Structures are given as structure tokens and as C-alpha cells.
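Chemist: Sequence:
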Amino acid sequence: MRSVEPNRSGKPNVAMIAAMDRNRIIGCRNAIPWRLPAEQQYFKRITMGHTVLSGRSNFEAMKRPLPGRRNVVLSRDPGYAAEGCEILGSAEEALARYATNESSPLFIIGGEQIYRLFLPYAHTLYLTVIDEAFEGDTVFPEYDESEWTILSRMRGLTDESNPHRYEYLTYRRKC
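So the sequence shown is residues 1 to 175, counted in full-length UniProt numbering.
If you are wondering where the hints come from, they were derived from the structure by calculation, not from laboratory data.
Since we're looking at a predicted model, the values are computed, not measured.
Any given hint might turn out to be false.
In silico DSS-like links for lysine-lysine, alpha-carbon gap of 30 Å or less [what the hints assert, rightly or not]:
hint: 1; residue 1: K11; residue 2: K44
hint: 2; residue 1: K174; residue 2: K44
hint: 3; residue 1: K44; residue 2: K63
hint: 4; residue 1: K174; residue 2: K11
With beta-carbon atoms standing in for the labels, derived distance ranges [unchecked claim]:
hint: 5; residue 1: P67; residue 2: R165; range: 38 to 44 Å
hint: 6; residue 1: H164; residue 2: P78; range: 17 to 23 Å
hint: 7; residue 1: Q40; residue 2: E135; range: 29 to 35 Å
hint: 8; residue 1: C175; residue 2: Q41; range: 31 to 37 Å
hint: 9; residue 1: E145; residue 2: A38; range: 33 to 39 Å
hint: 10; residue 1: A81; residue 2: S152; range: 35 to 41 Å
hint: 11; residue 1: D77; residue 2: R97; range: 26 to 32 Å
hint: 12; residue 1: P120; residue 2: G89; range: 17 to 23 Å
hint: 13; residue 1: P78; residue 2: S152; range: 23 to 29 Å
Note that the Cβ used here is the ideal one computed from N, Cα and C, for glycine as well.
When you get a sec, could you build the whole thing from the sequences and use the hints?
Modeler: So, in C-alpha cells, the structure goes:
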């Protein structure tokens with residue numbers, strides 16, 4: 001990977017946001033294996049007004065660009081097009097173009113390969129951890145917790161519409 005122009009802090013401004021079960025499952029056959037409307041609202045609140053980047057498969061599972069955000073799709077197919085999205089061919093290009101603004105991070109929103117690709121550049125993780133085990137075929141990559149500090153931990157709303165116990169964790173990478 002070639003060098004990326006850093007912002008004034010000297011590091012790319014990359015945040016990752018994901019919901020996962022206790023085994024790091026994030027998906028099953030290109031779908032989310034649970035339904036938590038409160039968590040979806042959290043995702044929307046955190047990412048609104050920012051640039052979100054996903055892989056092609058993840059984007060196609062969403063079926064449309066996310067409103068109120070700049071949508072970037074990473075694809076190796078130079079002919080790939082998606083209405084309302086910018087298509088980039090490499091992580092280097094995405095980092096150089098969108099991870100240099102100190103006030104607005106580039107939000108990585110999946111899938112598994114994209115999370116793996118950008119994890120070394122991430123400075124913030126917004127993780128929703130659901131206290132259950134689901135069947136799935138897609139996982140959030142392992143990360144060394146000793147490299148991260150927990151900034152906040154908040155229990156999520158559990159009710160009829162949000163039947164699973166879960167919590168929101170925000171991590172910041174240690175310098």
C-alpha cells in the first residue's frame with residue numbers, strides 16, 4: 001500500500017462502525033441476522049453527514065445509497081457503477097481522498113474484507129456488541145484490545161422492537 005497523505009494529526013481519519021454478536025458475526029448470506037431498530041438509528045446518527053465506504057457486496061445488500069451521507073463503494077471491477085455513489089478501485093485512493101479531513105472521518109461500514117483492509121488505519125471503532133450468538137458467514141476482524149482504549153460503553157434499548165441485549169462501545173486507538 002502506498003503512502004497516504006495524512007491530515008494535520010499525522011494519521012488518516014478513519015472510523016469503523018459495525019454491529020456484531022458475541023462471536024464477531026456481522027452477517028449471514030449478505031444480510032444482518034438480527035433486527036434492532038434502535039441500533040439502526042444509532043448507526044444513522046453516528047454516520048449522518050459523513051462519508052461512508054463499503055465494499056460492493058455490502059453495498060448491493062443495502063440496495064441503495066444511504067441518504068444524507070456521501071456513499072463510496074470500493075470495487076475491483078473498473079466497470080462497476082452504482083447510482084448515487086462514487087466508485088473507487090483501491091483503499092489507497094479512498095484514504096487519500098477522504099481520510100484527510102480532521103473534522104469528518106471516513107466511516108468504514110463493511111463488509112468483512114473491507115473492515116480487514118482498513119483496520120490498520122482506523123483510529124476509532126464504534127462497535128455494537130449483541131449478547132447472543134447468531135448463525136453467520138461474515139465476521140468482524142479480530143483486533144488487539146490492548147491497542148485500544150474504551151471511550152464509552154452504553155447499554156442499548158431492549159424492548160419488544162429490540163429484543164436482544166446489546167451495548168454500544170466506542171474505542172480509540174492508543175497513540
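Chemist: So, for every hint listed, does it hold in this structure?
Modeler: For each hint, the structure was consulted:
The hinted pair formed by K11 and K44 meets the criterion: a straight-line CA distance of about 25 Å does not exceed 30 Å. Simply put, K174 and K44 have alpha-carbon atoms about 26 Å apart, close enough for the 30 Å limit, and the pair holds. Our distance criterion of 30 Å between C-alpha atoms is met by K44 and K63, whose separation comes to about 16 Å. In summary, the hint linking K174 to K11 is supported, as the alpha carbons are separated by about 12 Å, within the 30 Å threshold.
In this structure the hint that P67 and R165 lie 38 to 44 Å apart at CB is violated, the actual value being about 29 Å. The beta-carbon spacing between H164 and P78, approximately 40 Å, falls outside the hinted interval of 17 to 23 Å. Here the CB-CB span from Q40 to E135 is close to 20 Å, at odds with the stated 29 to 35 Å. At roughly 32 Å, the beta-carbon separation of C175 and Q41 lies within the given 31 to 37 Å, and the hint holds.
Between E145 and A38, the C-beta spacing of about 25 Å breaks the proposed range 33 to 39 Å. In this structure the hint that A81 and S152 lie 35 to 41 Å apart at CB holds, the actual value being about 39 Å. Roughly 19 Å separates the CB atoms of D77 and R97, a value that falls outside the hinted 26 to 32 Å. At about 19 Å, the CB distance of P120 to G89 agrees with the hint of 17 to 23 Å.
For P78 and S152, the hinted distance range of 23 to 29 Å is not satisfied, since their beta carbons lie about 41 Å from each other.
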